[in-house]
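Whenever a hint applies, use it, and build me the whole structure from the sequences.
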Amino acid sequence: SAVISQKPSRDICQRGTSLTIQCQVDSQVTMMFWYRQQPGQSLTLIATANQGSEATYESGFVIDKFPISRPNLTFSTLTVSNMSPEDSSIYLCSVPQGPAGGTDTQYFGPGTRLTVL
Amino acid sequence: AQSVAQPEDQVNVAEGNPLTVKCTYSVSGNPYLFWYVQYPNRGLQFLLKYITGDNLVKGSYGFEAEFNKSQTSFHLKKPSALVSDSALYFCAVRDGEEALNFGKGTSLLVTP
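Those protein sequence lines, which keep their order, are chains A and B.
Be aware that the first sequence starts at 1, since it is given in my numbering, and climbs by one per residue.
Be aware that the second sequence starts at 1, since it is given in my numbering, and climbs by one per residue.
No wet-lab data here; the hints were simulated from the structure.
Fair warning: there could be bad hints in the mix.
For lysine to any residue, the following SDA-like pairs were computed, each having C-alpha atoms within a straight-line distance of at most 25 Å [stated by the list, open to error]: (1) LYS77/B to SER1/A; (2) LYS104/B to GLU86/A; (3) LYS77/B to GLU86/A; (4) LYS49/B to SER1/A; (5) LYS58/B to GLN28/A; (6) LYS104/B to LEU114/A; (7) LYS104/B to GLN28/A; (8) LYS77/B to ASP104/A; (9) LYS49/B to GLU86/A; (10) LYS104/B to THR115/A; (11) LYS65/A to ASP95/B.
Now the stretches of chain B that chain A is said to cover, found in silico as 3 or more residues with beta-carbon under 8 Å [as the list claims (entries may be wrong)]: (12) 35-46; (13) 102-112.
To give an idea of the chain B side of the interface with chain A (calculated C-beta under 7 Å), a few residues [stated by the list, open to error]: (14) LYS69; (15) ALA87; (16) LEU88; (17) GLU98.
For each residue, glycine too, the CB sits at the ideal point set by N, CA and C.
Written out as structure tokens, the structure is:
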């Protein structure tokens, strides 16, 4: 399976500021996903990031709040803008990968634990 | 949209006993179903999946799951629980091209 790293692993931020989270994969992948896990909750998809095109956002998430970059096939960033305490969550990136280059299973990064004061 | 439901917030089991974590699904067409585990302060780890083939799927750490089409269920099982199995377990279904819809999660507590 792909090896996925995220930076930072955790951060504590002040409201009104922005944080950019990086996701690095050890192999080239077409699609990358960003999820949010609010405290005590399940995972919710924020957006799908394809290299070379604009990210596709899920209902309730907008580009101005969560801009995403996908400059190449191994890297993506998610920015959480103008943060409020409600943005305190774990943010995870994932990539689909399977045997023989298939895409039937998603593997997740270790997550970025964000606390907004 | 494809969805899964995990009816139990928490499951408690004694070490050495069999465990079951329940999941039911609602999909149109053939489901792609997954189980993930999340240990405290760690990311999500893939356990197993059902896409097609045998209804009994074996995965990591001795876990298995049974796909039951008539009951629209995909329960996670393990014959003998370990204290180290205590974690948060998520059932998920593939929705659309690749993204996953997750259940709310079930906290498994295995007591010595």
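Looking back at the hints listed earlier, which ones does the structure fail to meet?
Result: hints 3, 5, 7, 9, 14, 15 and 16 break, sorted rising.
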